Every structure is written in structure tokens, then in C-alpha cells.
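K.L.:
In case you want the letters, here they are:
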Amino acid sequence: MARVRWRDLMGVREVGLLLVLLGLVLVLSVAAPGFLSWPNLSGVLVNVSVVAISAVGMTMVIITGGIDISVGSILAVSALLVGQAAKAGTGLWQAIALGLLIGAALGGINGLLVAYGRIPAIIVTLATMSTYRGINFILSHGAWVVGLPPYFTALGQTNFLGLQIPAWIMLGVAVIGWYILTQTRFGRSVYAVGGNMQGAYLAGIKIPRVQFLVFLVSGLLTGLAATVYTARFGLVQINTGMGYELNVIAAVVIGGTSIMGGSGSIQGAILGAIFMGVVSNALVLLRISAFWQGVVVGILILGAVIMDSSIRASMLRAVSIHSIGYRGAAEPTDGRER
Amino acid sequence: MKRLTVWVLILAMALATVATFGTMAMAKQITVAMLPKVLGEPYFIASQKGAELAAKELGIKFIFDGPVTADVTKQIEMIDNYITRGVDVIAVSPNDANAIAPILKKAMSKGIKVITWDADAVPSARNFFVNQVTYEGVGKALVDVLADEIGGKGEVAIVTASLTAANQNNWIKYMKEELKDYPGMKLVDIRPSEEDQQLAFQVTTDLMTAYPNLRGVFAITSVAFPGAAEAIKQAGKGGKVAVTGLSTPKSMAKYVHEGVVKNVVLWDPGDLGYLAMYVAKQLVDGKMPRPGTDGTITAGKLGKIQVKADGEVILGPPTVFTARNIDKFDF
Numbered sequence: 065m066a067r068v069r070w071r072d073l074m075g076v077r078e079v080g081l082l083l084v085l086l087g088l089v090l091v092l093s094v095a096a097p098g099f100l101s102w103p104n105l106s107g108v109l110v111n112v113s114v115v116a117i118s119a120v121g122m123t124m125v126i127i128t129g130g131i132d133i134s135v136g137s138i139l140a141v142s143a144l145l146v147g148q149a150a151k152a153g154t155g156l157w158q159a160i161a162l163g164l165l166i167g168a169a170l171g172g173i174n175g176l177l178v179a180y181g182r183i184p185a186i187i188v189t190l191a192t193m194s195t196y197r198g199i200n201f202i203l204s205h206g207a208w209v210v211g212l213p214p215y216f217t218a219l220g221q222t223n224f225l226g227l228q229i230p231a232w233i234m235l236g237v238a239v240i241g242w243y244i245l246t247q248t249r250f251g252r253s254v255y256a257v258g259g260n261m262q263g264a265y266l267a268g269i270k271i272p273r274v275q276f277l278v279f280l281v282s283g284l285l286t287g288l289a290a291t292v293y294t295a296r297f298g299l300v301q302i303n304t305g306m307g308y309e310l311n312v313i314a315a316v317v318i319g320g321t322s323i324m325g326g327s328g329s330i331q332g333a334i335l336g337a338i339f340m341g342v343v344s345n346a347l348v349l350l351r352i353s354a355f356w357q358g359v360v361v362g363i364l365i366l367g368a369v370i371m372d373s374s375i376r377a378s379m380l381r382a383v384s385i386h387s388i389g390y391r392g393a394a395e396p397t398d399g400r401e402r
Numbered sequence: 002m003k004r005l006t007v008w009v010l011i012l013a014m015a016l017a018t019v020a021t022f023g024t025m026a027m028a029k030q031i032t033v034a035m036l037p038k039v040l041g042e043p044y045f046i047a048s049q050k051g052a053e054l055a056a057k058e059l060g061i062k063f064i065f066d067g068p069v070t071a072d073v074t075k076q077i078e079m080i081d082n083y084i085t086r087g088v089d090v091i092a093v094s095p096n097d098a099n100a101i102a103p104i105l106k107k108a109m110s111k112g113i114k115v116i117t118w119d120a121d122a123v124p125s126a127r128n129f130f131v132n133q134v135t136y137e138g139v140g141k142a143l144v145d146v147l148a149d150e151i152g153g154k155g156e157v158a159i160v161t162a163s164l165t166a167a168n169q170n171n172w173i174k175y176m177k178e179e180l181k182d183y184p185g186m187k188l189v190d191i192r193p194s195e196e197d198q199q200l201a202f203q204v205t206t207d208l209m210t211a212y213p214n215l216r217g218v219f220a221i222t223s224v225a226f227p228g229a230a231e232a233i234k235q236a237g238k239g240g241k242v243a244v245t246g247l248s249t250p251k252s253m254a255k256y257v258h259e260g261v262v263k264n265v266v267l268w269d270p271g272d273l274g275y276l277a278m279y280v281a282k283q284l285v286d287g288k289m290p291r292p293g294t295d296g297t298i299t300a301g302k303l304g305k306i307q308v309k310a311d312g313e314v315i316l317g318p319p320t321v322f323t324a325r326n327i328d329k330f331d332f
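Residue numbers (this note's numbering), protein chains in the order written: chain A, 65 to 402; chain B, 2 to 332.
Extracted from the complex, chain A is given alone in its bound form (with noise of 0.2 Å):
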């Protein structure tokens, strides 16, 4: 498990999803002038950061079973809290902490709500997803935060080797969540928590504590996301983060993880947030009317995943069953993702 090889990164379930993107791209290249330029491709890669980062929380929460659906609301107060932390002159690592414990605070509810209140996922985060929205109504009246200071600001607009900020901060939580899904112990018992509940009990895991660890993860990488929203745009709305859950879930779906538990990838969610991300360019790029749009982006959906688990069936079929094994003891054995 020590050494890390190409196929831990690129495993049967995320060579589909990307072989998709690729031909997309390929397609867009020719179709649509102004797509395979640096500013456009790094302006797709920025504008998914936000999603990208909170998917990676996502996905874990995913694979155990469960899901949040607060994350909108989650990112709604964190933005409103370190927007106005921001605008009272806080320093930046003051800001971006802030942001990490708020959102870490409102998952952990969540987390405590779903491990030891023994309440499904999908109630808890449907009654906080409300609560933390009236909660972002009650602490600002209804009112924008605006005109946040440029120190603040040039975290989310600043570029670094031709790359805003965001976007190397999406990259950086991947690899640290890549790491530690694949990695450790921890990673492992996500996994077997999802997969296979009564199995992991009985090898000695506390399946509570995974439960809560992962939507705490879940609200901390959505507030660090919401630091990096509000600098971005340098003002906070009151309507932050609205259907915000909707386009994280299906990044971490598109990008292969069973909505079922028990199997999915940090690499699969980030592909799925990128090619999103790059459908609703390609839609403004090739100058499809706006009416087709809900039609379109749906075909490609199906179309991206219909084409990558066919595949990767095929790829199944030519690899020997025993590889795909290799992420560890957790993987469901019950054909269920087959």
C-alpha cells in the first residue's frame, strides 16, 4: 500500500468517466473557436473549484452511505460569517479559519445527528439544510455583504503559474483527500462502512465515529469552499449556495461513486465536477439556445455515463477481476456496482 501506482490513481471506475471528458474536449476543439485556449480551460477549472472542493468532502459521506444535502446552506453561512469577518479587517488566516471551523461546526451537527441520534442522513441534512439557511436569514437581515477588502479578495483572483488560486486549492484538497480515502486506516473503514456495515462491526470499527468524521469532513471542506467562494466575487448574497448540494452530488455521482455506498473516488468526483464544468461552457461556447438547455446537459449526463460503464465493463473484461480488489478488503462483494 506504501508505494503509489498509476492504477490507484486511475482505476477501471475513473479511466471512463475520463476517456468521456477527453472526447468532449476533442469534439469541442474543433467545434467551438475559443474553447482549447489557457484562459478559457483555467477559467472552467476556477469556476468548478467550489464544487470540486466540496465534493471531495461529498464523496467520503457518499461511500459510508449516507449523504448531505446541507452543504448549500452549510456554504451560505460560512461565506456570510467570513464575508463580514473579512469586511471588519480580520487577517486573511484568521478568515480562512473561520471558515474551516464554521463549516466544520455545522457538519459536525450533522455528523452527531446521523452517528448518535441514529437518524438517516438525508432527514438530518433535509432539516439543517432549512435551519442553516434561516440561520444565514436571521445573521444578516436579509442584507449583502459588500465590498470586501483586496487582501481578502486576491485569494480567490490571484494567479499562481497561470492558475487562480482557487483552483490550486481544489487540486491540494483532492491530494489530501485522495490520500486519505486510499491511503489510511481511516480511508479503509469509510469504504467498509458503506460496503459492508455488519463487517466492518465485526472487524473492530466504530461505525459511529467514521459516520460523524466524514460529514464533519463534509462541512469543513464546504466552509473552506465558501472562503474561496466569497473571495472570488468579493461581495456575499443572501441567496449563496442555493441547489449548490444538487451540482456536488452530481459531481460525486457522475464521477462514479454508488449512491448506494460502499465504493467511488475522490479522482472520480473531480473529473465529474470538471466535466460539468465543462458542459455548461461548451453550451454557451457552441451557441445552443438557452431553451436547450436542461435537454442537454440531461443527454449528456446519460450519455457520459452510460458510455462509461460500458467501458468499463470492457475493460473488466479484458483486466483480471483480482486488480480491481486491490483498494482494499472494502469493496463490496456483492456485485452490486458490477
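What the hints contain is simulated information worked out from the structure, not anything from laboratory work. Careful, some of the hints might be misleading.
As the list claims (entries may be wrong) - Derived coverage of chain B by chain A (criterion: at least 3 residues anywhere in the stretch with Cβ under 8 Å from a Cβ of chain A; other residues may be distant):
# : stretch
1 : 204–213
2 : 224–235
3 : 246–258
4 : 265–271
Unchecked claim - DSSO-like mimics (lysine-lysine), calculated; alpha carbons at most 30 Å apart, straight line:
# : chain 1 : residue 1 : chain 2 : residue 2
5 : B       : Lys263    : A       : Lys151
6 : A       : Lys151    : B       : Lys305
7 : B       : Lys238    : B       : Lys329
Since we're looking at a predicted model, the values are computed, not measured. Just so it is clear, CB atoms sit at the ideal spot from N, CA and C, and this is done for glycine as well.
Add chain B to chain A, keeping to what the hints say.
P.N.:
Showing chain B alone in chain A's frame:
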């Protein structure tokens, strides 16, 4: 006989004087309770200031109070209290057009005049609605200011709320009408931003890539406008791609001072509150045009104001905020 005539005359004069003073006193004493959607929001604070000014001019006893969150049930509670207390006019910006209707009807049945301002209730539940601007007025102002910025020539695009947003669709309809006056301007695309500033940012960036000759963007929601301006700024196209739209002066002031945005179109909520008080006063005095007829009223510093047959009082053409005046507005 002569003495009797004199006495009768004196008595009549005395009575007339008392009656005159009486009516004058009554007219001066009217009490108006004004409710915003929510307390503390700069937009409504501006309305309150405008209304206070008019109340002073008209000698109105003015009460201003509202819910701390934009909650219609709190408004209903407060209106119920006003009915018990007995006010002459209730002026409300309802958080829900239908939910507020029963309590407003109750107020009207007790002889209290009811006006809505900023947002309407069901028309049968109020006497008049003090509305900001007409759809036509907004559409025309948006196109005119952008045409002025880009010399009436070039490709332009609209970033709207969602494709189903009624206000935006009406504005777009009149914008298209107005664009006919500028044959050099070509509307190349209309994109939704779903009231999400990140999407507005992204769509504006993508529009500039898709249409390299794009000269102007209309961002016609308060959420989309800052997003679109930020996109143009971060792309380094400030001054090359013009952007205008509807938003509050405070959220756009930064972009106006940076030169990315030249004109912000909206109405002045202070004037809206001011007008609401004049409508309240003339409603009690019986000077409003009869329902079902078009007419005009005179409202202090605002001058002649149009009243439509359906009971809508229109503030007038929108206000255009520029670098010269934008810092004067605190909402």
C-alpha cells in the same frame, strides 16, 4: 327682528368656523402605519426616510415598523394590532401577495384605507398599489444607457434570472422593442443565471469567449449584475465590454468607481416611500382618481404621477445611478 338676523348670522359663522377647523384638524391628524418586508435592510431604510420626509410635509402621524425577518405571518400580526389601535391608512410591502389578503380585507371592512407599495397584494385586498416602474420604462432605460455607452453599435447579450422569471421576461420583451430603434445593435444571446452569482460570472465569461466581438452585456437581476461585472473586470475587459443592469447602488458602487460599470438602473426606494405617503394622504382626502379610471395625482417634489385604472400608481421612469451620484444612496 334685526337682532335675531344678526344672532343667526353670528351663530352660522361660528358653526362654519368650528366646522372648518374641525375638518382641518381631522385632515392633519391622519395616522399612517407603514410596513416594509423586513426591518434593517438598507433598501427599506431608504424608503422609510423618504416616507418620513413626505409625512412631515403633509402633517401625517407616521408609524414605521416591520418584521425582523421577511415573514408574512409577522406582518399579519402587526396589521391586526394596527386595526385594533385604529389607524387611518395601512401601507404595506407584503411578503406574500395571497397570505396577506384576508387581514387587509378585514382592515378595509373597518374603514381603514389600504395601500401596498414595492410589492403588491391580491388587487381586491387593497385600494392602491404604489409600484416602482413600468416594465416598459425599465426596458427602455437599460437599452438607452447601454446604447449610449457603445455608440449604438455592436453585439450585445442578456444575462437574465431564469427563463421563467416573469419580471425579467417582461423587461426583455420591452428591451427587444427598444432595440429596434438601434439597428446597429444586435442581440446575440440570452442566458439564464438562476439567481446565482457564480453562474452569472461563468456565463458572462463564456459569452465573451463565444462572441469575441461582444460589446455589451445586460445583467438584469441584482444577483447577476455584480457577477457579470466581476467577470468582465477579471477578464481585463473593463471599458471594452460595457455592462449595465439592475441592482442596488451600494453593491455596484465599487464597479462604477473602477470604471467597469458606467450606469446602474433602478428606482429610488426613497422616492417610493415618499410617493406612498402622498397616496395615503390623498386617499383619505378622497382626492385619488376613482377606481377604474386613469388619472394623475400631484405628489410634492415628484410632480405629476400617473395612476392606472387598475389602481396602480407608477413612480415613473427608473433612476440611473452613475459615478456622480451613486455614493449618495445607502441601499
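K.L.:
Run every hint past the structure and note whether it holds.
P.N.:
Do the hints match the structure? See the list:
1. Under the rule that three or more residues need a Cβ within less than 8 Å of chain A, the assignment of the stretch 204–213 of chain B holds, with 7 such residues.
2. Evaluation of the coverage hint for the stretch 224–235 of chain B: fulfilled, as 5 residues show C-beta separations to chain A shorter than 8 Å, against a requirement of three.
3. Here's how the stretch 246–258 of chain B fares: 4 of its residues keep a CB closer than 8 Å to some CB of chain A, so the rule of at least three is met and the hint holds.
4. Remark: the stretch 265–271 of chain B is not confirmed as covered by chain A, as 0 of its residues place a Cβ nearer than 8 Å to a Cβ of that chain, below the required three.
5. Of the pairs offered as hints, the one joining lysine 263/B and lysine 151/A holds, with about 25 Å between alpha carbons and a cut-off of 30 Å not exceeded.
6. Under the criterion of a C-alpha separation no larger than 30 Å, the hint pairing lysine 151/A with lysine 305/B is inconsistent with the structure, at around 43 Å.
7. Note on lysine 238/B and lysine 329/B: the hinted pairing holds, with a Cα-Cα distance of about 27 Å set against a maximum of 30 Å.
The structure shown violates the earlier hints numbered 4 and 6.
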